[in-house]
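As they're listed, the protein sequences go chains F and L.
Taking the working numbering, I'd label the letters of the first sequence as residues 2 to 176.
Taking the working numbering, I'd label the letters of the second sequence as residues 361 to 731.
Please note that the accuracy of each hint is not assured.
To be verified - Here are the simulated lysine-lysine pairs, DSBU-like style, with alpha carbons at most 35 Å apart:
#1 L/K486 to L/K501
#2 L/K393 to L/K451
#3 F/K15 to L/K731
#4 L/K451 to L/K403
#5 L/K421 to L/K405
#6 L/K731 to L/K365
#7 L/K399 to L/K501
#8 L/K451 to L/K486
#9 F/K60 to L/K365
#10 L/K399 to L/K486
#11 L/K731 to F/K60
#12 L/K731 to F/K17
#13 F/K28 to F/K17
#14 L/K731 to L/K486
#15 L/K497 to F/K60
#16 F/K60 to L/K393
#17 L/K405 to L/K393
#18 L/K393 to L/K403
Stated by the list, open to error - Computed footprint of chain L on chain F; a stretch qualifies when at least three of its residues, placed anywhere within it, have a C-beta under 8 Å from a C-beta of chain L:
#19 49-61
#20 151-163
As the list claims (entries may be wrong) - Chain F side only, calculated, beta carbon under 7 Å to chain L, not exhaustive:
#21 I81
#22 A106
#23 H127
#24 L132
Because the hints were derived from the structure by calculation, they are not lab data.
Predicted model, so just to flag it, every value in this text is computed and none were measured.
A virtual CB, placed ideally from N, CA and C, is assigned to each residue, including glycine.
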Amino acid sequence: MIDDNEEVFRNQVKTKYEFSAWAGRTKEGADFQVTNFAIRAQDLQGWREEQSEELPATKRQRRVVRYVFNSPDPRGQRLIVTVFESNSVNDAHESLIDVVMTYMAPSLPRCETRGLEIGDICFGSHGEVNLNVIFARFNILIEIKSATPGPTPVDEFARSLDSLILTQYRRTRGE
Amino acid sequence: MNLRKNFTQTVTVPEWTVGETSAADSPAAYAIKETQGNKIFIKVKFTVGSNSVTKAEVRAKGGGVLGSLDPQIVNFAGGVSVPASVPFELKHHSIGSGGIKREDITWNWEFRCCGGSAWEPLRTTKHRIYIVLEEPKLPWKQQPVPDTQHPWADALDYACVWAAGKQNRDDAAAAITQAINANLGLVYDNAIGASHYTSGGGALFELTQFLTYLNIGTGLGNIVNCTDCATITTTFSNLVGCDLHASRMGSFFDLTPFRGIGAAGFACPGFGCGFSYHEVAWKGGHGNGDPLFDACLRVDGDTNPWAAPYTEQFPVNIVFSTNPGAPLPLAVPFNAQSYKERLCTNDAGGIGSCNPTGPWPASSNGRRPAK
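Based on the sequences and whatever the hints tell you, model everything.
Structure below.
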């Protein structure tokens with residue numbers, strides 16, 4: 002049961018993120034559902050999967066998996082990637098609010114304003130580059146967080162994951 | 361106390377068996393409060409090679425905090441002690457005198473029997489002993505048996521060192537808070553302020569991952585937010601007998617510069633001078649008058665917390681607000697040891713917008729189970 006204070010806070014967060022402007026909308030394939038989405042290291046050139054673990058899902062989600070990827074190159078970048086396979090587009094977007102509610106930053110910039118055009122809705126991070134990105138595409142919500150401080154953006158990694166989702170979509174449509 | 365090694369591994373009883381040579385493989389924990397004034401016994405099973413031996417005298421020297429064991433007659437039948445587990449009273453222990461402690465002890469066991477008068481060496485056993493203030497509080501449990509939330513020896517290895525020597529809960533929680541803030545290489549998530557060590561919608565503490573970070577520097581990395589700091593503080597403090605819970609203040613309030621965990625100096629976070637919420641380890645009912653412990657940041661402790669120069673102060677055992685209804689702005693000099701006034705701007709958008717809002721709904725009342 003969610004009390005009034007929690008609902009007030011949730012609504013404040015939705016306002017900050019202009020939820021009503023993007024909730025429930027997709028750029029294409031409004032009825033498409035991604036199922037059994039998994040990230041395989043071989044699909045991500047230059048990245049190695051360090052670990053993956055299924056996490057408890059909430060009622061909005063069918064499955065939540067957290068991955069840790071690292072890049073063997075001198076950058077030594079480590080990324081924590083959480084994939085929320087939601088029940089619907091609406092649930093993916095509500096899940097996005099569930100997640101950003103737990104961020105201490107009062108709001109985040111839209112990815113498009115930082116040169117990153119992915120997902121149906123995407124938010125980046127503050128600072129010179131995106132060290133974190135959260136985006137939803139269809140019923141999939143993906144959160145990418147840098148595990149160590151550093152100047153390397155996560156944009157390319159995020160684009161690769163969005164491409165994996167779109168590949169599944171286009172394959173289903175026979176393209 | 362009932363112990364386990366970590367989330368997946370139990371501590372088998374008896375804790376020591378033949379072949380174990382490392383103290384860490386034979387852990388045991390005692391709570392000062394619950395043992396005070398009570399006799400404490402260990403149970404020991406002996407075997408003897410000859411069935412003709414019916415009795416022997418046994419003692420153990422050394423024992424560190426548990427003390428030496430006085431000589432005692434042990435009866436045998438068929439080469440096995442009778443009763444099978446013989447109780448030895450810890451008559452010379454010093455549990456409580458040194459506060460919280462982790463100590464590796466050695467007992468040098470000796471025996472004499474069969475008409476001989478000289479003590480002969482029997483065996484040497486090594487044990488890792490944890491001394492905590494009182495029975496650990498939630499999320500840690502003693503019942504049922506077994507349970508993943510029995511105190512973890514792998515976590516006690518840190519908590520008992522961070523709070524070593526502390527004799528009361530406030531001092532222990534303060535020491536643990538300061539260790540988390542200053543000694544673990546953790547840094548604040550300046551980009552978005554996200555939690556890295558909670559999962560399941562904030563329901564669980566990823567303690568196994570955090571211990572991996574502490575042990576080898578990986579886990580889920582060294583970036584944390586306030587929820588992580590509050591959860592780490594609560595979990596490790598409650599392990600040694602404190603009674604804290606992670607609880608929030610909010611919502612959407614403006615900040616005066618602070619020194620974030622891992623930062624070199626006072627500043628606002630990279631995302632700006634505001635928090636959507638903040639979470640700390642809180643005592644009591646997380647009200648205005650309840651003290652809290654914040655490992656995530658240090659506040660300005662001087663008489664003008666809203667301007668430079670900054671005099672850093674660990675917010676440990678500090679009341680949330682000593683005068684929550686005071687008209688704003690507050691006057692300078694400001695002398696109260698009051699947390700939110702030292703965290704927020706001196707106006708309606710800061711101090712006026714920062715109020716206790718309670719634990720996250722999914723957080724088991726701010727005592728997230730350890731996973």
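Checked hints:
no., hint, in the structure
1, L/K486 to L/K501, "holds, 26 Å"
2, L/K393 to L/K451, "holds, 17 Å"
3, F/K15 to L/K731, "holds, 31 Å"
4, L/K451 to L/K403, "holds, 14 Å"
5, L/K421 to L/K405, "holds, 17 Å"
6, L/K731 to L/K365, "holds, 13 Å"
7, L/K399 to L/K501, "holds, 23 Å"
8, L/K451 to L/K486, "holds, 19 Å"
9, F/K60 to L/K365, "holds, 32 Å"
10, L/K399 to L/K486, "holds, 22 Å"
11, L/K731 to F/K60, "holds, 20 Å"
12, L/K731 to F/K17, "holds, 33 Å"
13, F/K28 to F/K17, "holds, 22 Å"
14, L/K731 to L/K486, "holds, 29 Å"
15, L/K497 to F/K60, "holds, 30 Å"
16, F/K60 to L/K393, "violated, 43 Å"
17, L/K405 to L/K393, "holds, 28 Å"
18, L/K393 to L/K403, "holds, 21 Å"
19, 49-61, "holds (count 4)"
20, 151-163, "violated (count 0)"
21, I81, "holds, 6 Å"
22, A106, "holds, 4 Å"
23, H127, "holds, 4 Å"
24, L132, "holds, 4 Å"
Consistency note: the structure conflicts with the earlier hints numbered 16, 20.
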